[in-house]
Structures are given as structure tokens and as C-alpha cells.
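Number of protein chains: 4
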Amino acid sequence: MKAARLHGYHERPSVDEVPEPKVTDPFDVLVRVGAAGLCRTDLHIYEGQWEHLTHPELPFTLGHENAGWVEELGSAVSHIAVGDTVILHPHITCGLCRNCRAGDDMHCVNSKFPGVDGTDGGMADYLLTSARSVVKLDPTLQPADVAALADAGLTAYHAVKNAVPLLYPGTTALVIGAGGLGHIGVQALKALTPSTIIVLDRNQAALDLVSGYGADHTVLADASSAEKILELTDGQGAEVVFDFVAEQGAEALGWNLTRRAGSHFIIGYGGTVNVPAIDIISSERSIVGNLVGSYNDLAELMVLAAQGKVDLHTRTYPLDAVNDAIDDLDAGRLQGRGILVPG
Amino acid sequence: MKAARLHGYHERPSVDEVPEPKVTDPFDVLVRVGAAGLCRTDLHIYEGQWEHLTHPELPFTLGHENAGWVEELGSAVSHIAVGDTVILHPHITCGLCRNCRAGDDMHCVNSKFPGVDGTDGGMADYLLTSARSVVKLDPTLQPADVAALADAGLTAYHAVKNAVPLLYPGTTALVIGAGGLGHIGVQALKALTPSTIIVLDRNQAALDLVSGYGADHTVLADASSAEKILELTDGQGAEVVFDFVAEQGAEALGWNLTRRAGSHFIIGYGGTVNVPAIDIISSERSIVGNLVGSYNDLAELMVLAAQGKVDLHTRTYPLDAVNDAIDDLDAGRLQGRGILVPG
Amino acid sequence: MKAARLHGYHERPSVDEVPEPKVTDPFDVLVRVGAAGLCRTDLHIYEGQWEHLTHPELPFTLGHENAGWVEELGSAVSHIAVGDTVILHPHITCGLCRNCRAGDDMHCVNSKFPGVDGTDGGMADYLLTSARSVVKLDPTLQPADVAALADAGLTAYHAVKNAVPLLYPGTTALVIGAGGLGHIGVQALKALTPSTIIVLDRNQAALDLVSGYGADHTVLADASSAEKILELTDGQGAEVVFDFVAEQGAEALGWNLTRRAGSHFIIGYGGTVNVPAIDIISSERSIVGNLVGSYNDLAELMVLAAQGKVDLHTRTYPLDAVNDAIDDLDAGRLQGRGILVPG
Amino acid sequence: MKAARLHGYHERPSVDEVPEPKVTDPFDVLVRVGAAGLCRTDLHIYEGQWEHLTHPELPFTLGHENAGWVEELGSAVSHIAVGDTVILHPHITCGLCRNCRAGDDMHCVNSKFPGVDGTDGGMADYLLTSARSVVKLDPTLQPADVAALADAGLTAYHAVKNAVPLLYPGTTALVIGAGGLGHIGVQALKALTPSTIIVLDRNQAALDLVSGYGADHTVLADASSAEKILELTDGQGAEVVFDFVAEQGAEALGWNLTRRAGSHFIIGYGGTVNVPAIDIISSERSIVGNLVGSYNDLAELMVLAAQGKVDLHTRTYPLDAVNDAIDDLDAGRLQGRGILVPG
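Protein chains in written order, with the numbering used here: chain E, 965 to 1307; chain A, 965 to 1307; chain B, 965 to 1307; chain Z, 965 to 1307.
Don't read these hints as lab results, they were simulated from the structure.
The beta-carbon is built from N, C-alpha and C at its ideal position, and this holds for glycine as well.
One or more of the hints may lead you astray.
Below are the DSS-like pairs computed for lysine-lysine, each with C-alpha atoms no more than 25 Å apart in a straight line [claimed, not checked]: (1) Z:1273 to A:1273; (2) B:1076 to A:1100; (3) E:966 to E:986; (4) A:1100 to A:986; (5) Z:1076 to Z:966; (6) E:1273 to B:1273; (7) B:1100 to A:1076; (8) B:966 to B:986; (9) Z:1076 to Z:1192; (10) E:986 to E:1100; (11) B:1076 to B:1100; (12) A:1076 to A:966; (13) Z:1100 to E:1076; (14) Z:986 to Z:1076; (15) E:1100 to Z:1076; (16) A:1076 to A:986; (17) Z:966 to Z:986.
Residues from chain B shown here face chain Z by an in silico Cβ test under 10 Å; the list is partial [unchecked claim]: (18) 966; (19) 1220; (20) 1230; (21) 1234; (22) 1235; (23) 1236; (24) 1237; (25) 1241; (26) 1245; (27) 1248.
Here are some chain Z residues the structure puts well away from chain E; computed CB gaps all over 12 Å [stated by the list, open to error]: (28) 1023; (29) 1063; (30) 1073; (31) 1095; (32) 1098; (33) 1190; (34) 1216; (35) 1225; (36) 1260.
Using the sequences and the accompanying hints, generate a full structural model.
Here it is as C-alpha cells:
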């Protein structure tokens, strides 16, 4: 089969002919890939930024946002059937540690991260995964329409779900960044909360997109954005700030626009949170880390997708054109998420 | 009556003869002061550190940790009676804003802070306060034994109570700082949670004190403390770190000793939290502000005090000796909390 | 002024000329009534069903769902101004007991219930209330449009808000009863949750109404309703059943349609919950009482009303026609809520 | 090996010689049984009361409260090692359904219940279970000391843990029934909450036992018990009633002694909850089902056991004497829990 594999850092992945993976373990699931999302993380892997975190053995197949159809099942798998449309949670988890037992899949102490940590990912004709990673989809959903929700969408949904108890009628949610995660975040906020949604971005086209998805106010990032957002919030800021950027000044702006007793949710990264302790305690604000999401979070997001409450902007490429897609993403020519389709 | 009043910054307060306050408003409560705690905040006020925050008009009476007996009541007050032993919540709140209505007294939008913001405090024979600030005490409790719980103790209790859902059997709470707040925090942790309690301090006498109050492990602060604490926590750190110091390196140490998916509670201040966003999200940790506590928190703490579950180390001074007490506190000669007793 | 007053049980109220109430207490608020909702509870009061609960001294003015404009303020009230449009929380609470301090207004240990417990209510030109009962409205809202939300709407909203943590994507909320409370409940569910909403009622017109308010499925009550609802829920029932009826069999049906680990919310009354303990524990279901709602709940509901997310069907009558309104309500001729308008 | 097996209802189990179970599945775990608790449920099984619920195929080996040492592991099990001391969660769960993924093991849609549903239980030399059921124990714990915590203790712990958010300082927990579950409940309440604990039982010896475990007040069941408990709770009842009996009048008494806005936790069974809806809503009380507990709950309880915070009264019998143990239990001669020890 074909697979887009990374052979070295700062070298483009090549589409190689490799053997199909085989079902051997009773909990194995072989998936015929229908779509694999291309993500900025793939650029970071290629650039070597993840090397020191996961030390992957090269080469390996990229692709950590995957959906497709069940091709073959291990002997112990009975909750899904051959032919089912499925999306895959980005991690393969053990199911036995305390965190897995509590539903905190992202804190599994024995997990694998296909497409990132050296385990083969989904930019290929077939992907071998585990029964614990497979979410069965409503048959109306197509892999190419939902694949990019597997990681980016899941991360946005998880953060919004964490914030639900804080966002009652009359509160404001400030979304910083209307890109791949932010535009899902806005839709999840609309579906799950009655809060007023303000979105800040430096790109007007991105703001126009989220206006159609339920943003109540959009603010183009410039020198006066903070002032405009304070005007929209009685001078107090938002109860919850979803910081999908968290670099280049967003991390300071996000904190400053967090209301007394409010929460600054960190979802993006790149910058550094730098806040005097006196500011934290005198206003009793919190800074809250958010990391991808659980299997059940992904299943819930798929319900929203099947109900038409969450929609993704995508552009598809054949798997062979993986490097065209990477070029477009790198050069900023890609509106919405790039989706690789094998076959 | 006598009152310890601040006439100028960097000048010692003087004990003046002033008129007794009078009940005029229907919700006024006149309290005969039994004890007023002396707190490091009083030093900071005297040094002018609060001037830019609260702009108090000078002179005013110090004392924000007050307990005593009800002397006279406004016409509308019926939930307490003359002669009742009472402790006073440090703020006077409006009872009408959303935050008051939700029990978040510390976020009242119209509050006063006697002894700090220019409103006369409790280092005096009598103190005028509001019905909303008065917590009736079990008659077995004496003002001098509990006054210092009104602010310092309340702050420690509130932080512990916030952490209760995080501290199930098998978890560890790390307490940084075994001083005025920390030694109450340890007792509250013992009363409210089954967690293992580790206490870090640079003072062996303080550590010995908290060992008697239920600390499971104490660690003297030195170059190897982080390593020792990691050894006690399987190399992972604590689920909740209560940072009662948050300066001079404690704020960085506290974060580093917070376990994956855990929380770093900021209670002290002086330092700056400085953490890369990637560290926040990749471990999904949170940094949580804590500010004093609510009226109901104080009432709950008084239940623990009456049940003998929370105890304070104190040294009493006559009100006239306020500057001796300040000298002792400033020079580090004061073990436990200094308590001023009028009369 | 005119006031609709109850002089005896099983006697119709009469519209009497009585003196205007006067502001005397510093927290008094005099409201010029704009609208007073008529509620089935008013019929029950007239029939004497509340006599043994509240022992009201007769005569008194009816009306416990009131909105209008501030006419005069007590000396201590500063959070509202003369001329403000306001809606009134149905209880007058003390603000000093633990429950008030925790935001649980309905459990105030010293509350009054105007229009029900012998305290004069709002079916009059003017109503005297307390600063603690007054919710300031967005000026776009008219008293006649929102008055009936003060009690009926608040009760429905409070129940829905309690259920928010239980109603994630993929869950089902079953609403039993699409009347005065139920049709607000459906709108609140739509605004606050992503759950699928099924509504059961014996009246097709009521079902048609809630279809327009966001019900996903409606089921006309007949012998096969349980079966139909089970079909819509994979044979399992709903995660939360909102039982706005709780009599005449609804209370048994509601329990039977509550899913394993789910909750049967009791909001209506009249019937008796009768369930073997083995059924409760073997399925780990709960039966949850719901009682009106808090001041903050009402303020949140008014935000939804101002945002157009909650709408009421009403029919207005002049205050003089109070007995026509009662006749219409009693005879089932009143679609939507009856609203009395003084003037 | 030897195994105590049920061949027919109303026939005593016989101790048979049967083949040892074999590890075949990759997640199988073979446990050398160290102790199997005898429980009233075993009597109910023998009497046929579970027949219609689980339709077990006869014969099968009894024993659903099991602890021992790992003898052999399936190929995929790496979180435990041969020789480890372990206790077994009473259910074998799938790990793949939404409930398992959320940590709600008791609501697994594909679970087995060894010793109850026809799957062989632990009254034998060896027991075959799954990796998901095995909790590794602190080596200081002995199987015979903890086995009976696997089901009875877990049930009591789970109920207490659910109640933690309701039991702040100043609240009262009423425990009805100081038997096998109740005496663990009292210890768990002491470890996890600061509430005042009142225990009601008809047996003075049982009350004496729980006094030593932290009960603050004990009340012998007689005609005046309700009155005595009301006296201990300001005439209001308890914030949480743990009803470990829920039959023979306890279920009505428990409700009546539940305070306004409080919760009646049903844990025992046999009786019927019968409450007018008006009583539920006018006091906003809840009736809460409780069913055994999760894997993580059991792991937490084992932490408490290892810390010496939870202790069990037991009497051991050799496995061959199973029918002596049953006779003693049936005749009320067994103080504490009966424990069968193979070998």
C-alpha cells in the first residue's frame, strides 16, 4: 500500500510503497483510511520540533487525524463491525491505568500517538489501531468531512466542555484565534452554552467565517482590540477566555481580558504565561491547561457533527499530493483544513 | 475609647482616644472588640504598599482580623443578640450584587475592608460593622483564640475547600509554607480530605508544629527539597500544591512539583508565575488563584474550631502595646500570631 | 389604589380600593405594577389548598408573578433607580441565613411569599417589596411579556439549569407536560444544552407550540406513548426526565422512562412517587426535587428573554377582569398564561 | 482444585473437586484465592432470589468478594506481576462502552458478575478473572483482611464519596444500619468528611463498634429514635441520610430525617420508597440511588485500608466449612463478616 512517510527532519515526506499492516492482537482494528487531516503539527514534526519529546524511530507514516472504514477486526473486538465508518481518537490508550479508568484518556500512562511518536499514522491506505481508539460514526458522516475533527476539533470541543459550568446566561466567552481550532470552538460554544461569543483574529476572512457559525461579535486584531473587547464586556473582560493562540502577545492579552474570578484557558502554545502572583490572587483568576480530549469527548463531538451543529471547512488532496498540501499550508494558501484522501 | 490608628506611612500607629462609633443604620452592629489579630498585611499597610490599591484617607484604625461580643444592634438585625460572641468576616459586603447573591462575598462589587481601605478596623475598644459580616460563635470559643482565623485562617480554609474534589485517597497535597496560613491549611486538609500531606518550609520549628497537626511528611527547604518531594510522590509531584509563599522561588518550585493534570494553588504573593504555554497544555495543569473566603467559609471554619479540629498558636499583647507586637513581628521574634486585646 | 383581594376561601377575589403601600424600611422598594401573572396556584389558594401550609390572614392581595417599574426607593437602596423596569423574585428573603449566603434563596429560613402567604401580592396598582427581590430588566422587555416568568418560568429554568451537567451531546431530555412551565423548559433546554428534546403531552396544540420552540420530537399521550419514547431512545429512556406534571400516572411513567444512571426531576406535584428500593439501586437512578429558583436564576432567565431565546404565550386582561381570567383558566379556555394589567 | 458450588436452589452448596481454570485470553488473570467473603447476597442466591435477574446456569462457584495472589497472566497483561497481592472488583467489565470509558464501571453494558451470574466466583482455590478487575494491593495488606471490602465495603465507600460535596463542616450524616456496610460507611465518612456522624441501629453491639470507628452519636432504634435524631439536628434532620437498610420502615424514616434541600441515599433494598411529589418539591429533597462502585473507588478504598483508616471485623473459616459459615450467618451468630480461606 501507499504511505506518506518521514525519513528525515527537514526532508519532505515521501509516498512509499509499504506492506499492509496485519491484525495480530485480539484488540487490533485495521482501518481502510478514508481521510487523514493535515495539521500544523505535521509541519512541526517535519521540522524536528517533536524529536526531543517523542524520539520517534524514522521512517514512520504521518497522519494523526484519521477516519475511514473498518476492514478487519481482532478476535476480541465485538463493539464494531467490518464496514463501519469510524473516526480514530488520536491516542492508543491502555485502558488499565487510573487515568484511563477515570476517562482521562489523555493522561494514560502507557499511550501511543500514531503519526507523531513513531507509530505509523493514517496518511496511508490502511492504518492499524486498537479497539479503544475507534469511534463508530453515524453512517451519514463521511471520513473526509470529519477526519480533521479527530485532533484539532477534539481539542476545541474539550476546552469548551470544560467551561460549560462557567458559562451561564449573561456571561461572555472570548475566543482568541478563529482558525482550525477556533472555528470549531465557536460552534461548540453555540451548541453547549448560552454565552455571548466574541472572537478576536487578525484575519478578516476567518472572522467572517465564524460570524456565520454563531459568533455574536468579531474583533479584528489591532492596537485597539483590547479596548473594543472591554467595551463589549462592561469594561470587565470575559468570564472565560479561550486562548487558541497563546503566543505573540495573545497570552498576555488573554489574561488581561479575563474577568475577575474568571478563567484563562490555554489551548495554543508558543508563548509564555508571565503573571505576578498578586494579580492572580487579588482577582482570584485561574489559568487552565487544556490537552486534546477524551474518547467520550470525541464521540460527543461526532454527535454534534451528525446533528449538523459542527461543520468544518476543508480542502481535499489525493494522498500522492501530500507535499502540495504541505506547501499550501506552509505558504498560507490553505483556507480551512487540508485533507488527504488515499486511493 | 482607645484605637490604634495610622496617621502616616512609615510612621508607627499611635493609640489615640477617639469617640465610640454609634449604631445609626438598621443593619449596623456594634462589637466590643475581644481580640484583633496582627498580620503581616498590617506591616505592608504601614509601609504604604496598599496605598495605591485602596487610597485610604488617613488617619484610620487598623485591624482586619476581629472577634468580640455584640454590644448594640441596628433596628433590622434579628439573627444575633446583644452579648453573642462573634467573629467578623474581613469584608463588609452589599448582599445585592450577583456575586453576593451567589455566595462569592470576596467578589462583591461594593465592599468595604475595615482596617485596610480607610474604614476603621478592630484595633480598638469597639468596632462598627454590618449584620452581613457577623458570624455567631459557639460560646466555648474565645475571641482571642479565634480572631486570627478571620482572615489568615479563612484564606487557608477557602483554598483547601476548593481542593476537596481533587484530593481523594491516594493523592498528595503539598503545602509550601508552614506559617500563619500554612499551619491552618494543614489542619483543614486533615479535617476535610484523606490526602497525604507533605509540608515544605525553611524553618524546622514550623515543621515540627505542623507534624503535630497532621502533616504526614515534612521537608526542610534546601537544595535537595524538590528531589525529596519527588521521591515521596513516585517522581510525579502532588495533585495539588498549596503555595502559601509564591515568592523567592516557591512559585517556580510549586509549579514543578505539580503533577500532570494537577493544580498549583496560588495563595501567597510577591513573586511572578512564569510558565511556557507548552508546559501548561502538554501536562494539562492549572494555576488557580485563591482570595480569602466567603462568609459561609468562615462559619464552617468556626465549626472546625469549636470541634477542636483547628487550633492557632498565638501570643497576646494589650492594645497599648501594639508597637511592641509590630516590632516583634517585624524582627521575626513572634512565634504564632500576635493578638491585640483591648481593655 | 385597586387591588384584587381574597376575603374568604371558595369566594371569588374582589377588586377593592385600598391605600397605597408606603416605603418605610430602608430596603423597601415600591413598584408600580405593570403586569401580574395568573397561575393555577392562585386557584389553589382560592380553593384553600395552601391554607394549612401558610395560614394567611385574610384578606390579602393575590399575585405572585409580578413585573413593573420602580416608583420609590428606601434610603439604603442604590443598585436600582426610580423608573427602572423590574421583575420580582417571588420570595422576599433575609439575605443573612446560610442558605441566602449560599445563593439558595428558596431555602431562606425567614422568607415571605407575597400573594400567597398573606403578604400583599402584585394584583394591584402598586406593590411593596424588598431590594433583595428586584431584578432590573433590559429596557426592551415589557412587564406584560415577562411577568409570568417570575415563578412558572423561573421554576422551569432552575430545573433545566440543574440538569446541564447531565445533558451532553447524545443525551435525551424528556419533557412531560408542554404547558406553562414545560414550554419554557423546552426553550431553556434549547438555549443551555445540546440534548435531544422529546416532549410528551395530551394536547396536540401544546405539542405544536413546543415544536416551534425547539422540541426535536413530540409524542401525544396515549396508550403507546411509553413505547414510542423508548423507540426514540434505543429502548433505554432519557438521561433526564423533567416531570412538570407528576400526577395522574405521569410520576410512574417518568420513572419508567428514566434511563439507567439517569435522573427523574420532579417539578409538578399532585401524585406520589412509589418505587421499590431495589429499582433505585440496581439502576442507580435518582429522583430529584426542584423548587422554583434563585434570584440569580431569575436574572439569567431575563438575559435569555432579552436575547429572544425565551418567549411566552400570554393573554392580557385588565385587573378589573380578574374573575374573567380566573373563569377562563378554570374552564380550560385560556391558551398560554393569563396576565393582569392594572390601569 | 476445590470449589464451593451451587447445584440447585434451596440446596446447600457443596465443596467439589473441579479442574483449575486456565489462562487462554490475553487479558486473563489467574488468581490464587487468599480469601472470599461470605455475604448475605450468597444466601439470597441460594434461596433463588437472583434467579430471575441473572438466570445463571447451574452449577457454578460462589464468591463475589475475592482477594489473593496473581498466579498467572495473559500475554497482554503488564500492569501487574505474578505474585502480586490483589483484590478483585466484583464485575468484569468491557472497557469499551461509554460507561466504562467514563469510569462508571457498574454501568458497563457488557459486564459479568462472577459468583452471582453463573460465572465462577472465588470460593475456590483459584479464580480466573480479567486484567480490568484486578486492583494491586499494598503488600502489607492480607487477602483475608480486605476481601469483604470488595463488594460490601466498596458499596459503602462509593455512597460516601458521592456525598462528599454535600458534607462540609457543620453538616450531619445520618447512617441507618451499622452492619457490614454501615460500619465501613462510618469509617469512610470519618476519613473523607468533617461531618457529624449519627448512627442508628437496632443492635447495641453494632453501635458500640461504630463508636470506636468515629461515630459522634449513636441511637438505638426504638419508638423515640426519630425524635432523638431530630434533637441532635436542631429539629431539621441530616443533610445526607445513608440508608443501608431501606426496608422495614427505614426507608420512610430515612426520608423523614432528611433535611430540607438534603439527600436520602438509598443503598439497602427490600422496601419501597413512597413519597408524595409535593413533599419532594416543597423541600427540594432528592432520593439518590447508589450501586456498588467503580474500579477506582475500590483502589481508593484500598488506600484507606493500607493507611489504617478502614478496618473490618471478620471471622475466618476454611473453605471446606462453607456451610458452617452459612449456618452462622443465617442464624445471626456471625459478628462481623465471614471469610472463607482455601487451602
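Taking the hints in turn, this is what the structure says about them:
1. Z:1273 to A:1273: Given that 25 Å is the threshold and the Cα spacing comes to 17 Å, the pair holds.
2. B:1076 to A:1100: holds (24 Å)
3. E:966 to E:986: holds (15 Å)
4. A:1100 to A:986: The given pair, whose Cα atoms are some 21 Å apart, holds under the 25 Å limit.
5. Z:1076 to Z:966: Satisfied, since the Cα-Cα distance of roughly 22 Å is no more than 25 Å.
6. E:1273 to B:1273: holds (17 Å)
7. B:1100 to A:1076: Given pair residue 1100 of chain B, residue 1076 of chain A holds - Cα atoms ~24 Å apart, limit 25 Å.
8. B:966 to B:986: holds (15 Å)
9. Z:1076 to Z:1192: violated (44 Å)
10. E:986 to E:1100: holds (21 Å)
11. B:1076 to B:1100: holds (20 Å)
12. A:1076 to A:966: holds (22 Å)
13. Z:1100 to E:1076: holds (24 Å)
14. Z:986 to Z:1076: Holds - the C-alpha atoms of residue 1076 of chain Z and residue 986 of chain Z are around 18 Å apart, at most 25 Å.
15. E:1100 to Z:1076: holds (24 Å)
16. A:1076 to A:986: Holds: residue 1076 of chain A and residue 986 of chain A sit about 18 Å apart, inside 25 Å.
17. Z:966 to Z:986: holds (15 Å)
18. 966: violated (32 Å)
19. 1220: violated (15 Å)
20. 1230: holds (5 Å)
21. 1234: holds (6 Å)
22. 1235: holds (5 Å)
23. 1236: Constraint on residue 1236 of chain B satisfied, holds at 5 Å.
24. 1237: The hint holds - residue 1237 of chain B has a Cβ within 10 Å of chain Z, the shortest such distance being about 5 Å.
25. 1241: With Cβ-Cβ at 4 Å, under 10 Å, it holds.
26. 1245: Holds, because the Cβ-Cβ distance from residue 1245 of chain B to chain Z comes to roughly 5 Å (cut-off 10 Å).
27. 1248: With a minimum Cβ separation of about 4 Å from chain Z (threshold 10 Å), the hint on residue 1248 of chain B holds.
28. 1023: Since the minimum Cβ distance to chain E is about 27 Å, residue 1023 of chain Z lies beyond 12 Å and the statement holds.
29. 1063: At roughly 10 Å from the nearest Cβ of chain E, residue 1063 of chain Z sits no farther out than 12 Å, so the non-interface label is violated.
30. 1073: Its Cβ does come within 12 Å of chain E, the nearest being 9 Å, so this is violated.
31. 1095: It is violated; residue 1095 of chain Z is separated from chain E by about 6 Å at its closest Cβ, not greater than 12 Å.
32. 1098: At roughly 9 Å from the nearest Cβ of chain E, residue 1098 of chain Z sits no farther out than 12 Å, so the non-interface label is violated.
33. 1190: holds (37 Å)
34. 1216: holds (35 Å)
35. 1225: holds (20 Å)
36. 1260: violated (5 Å)
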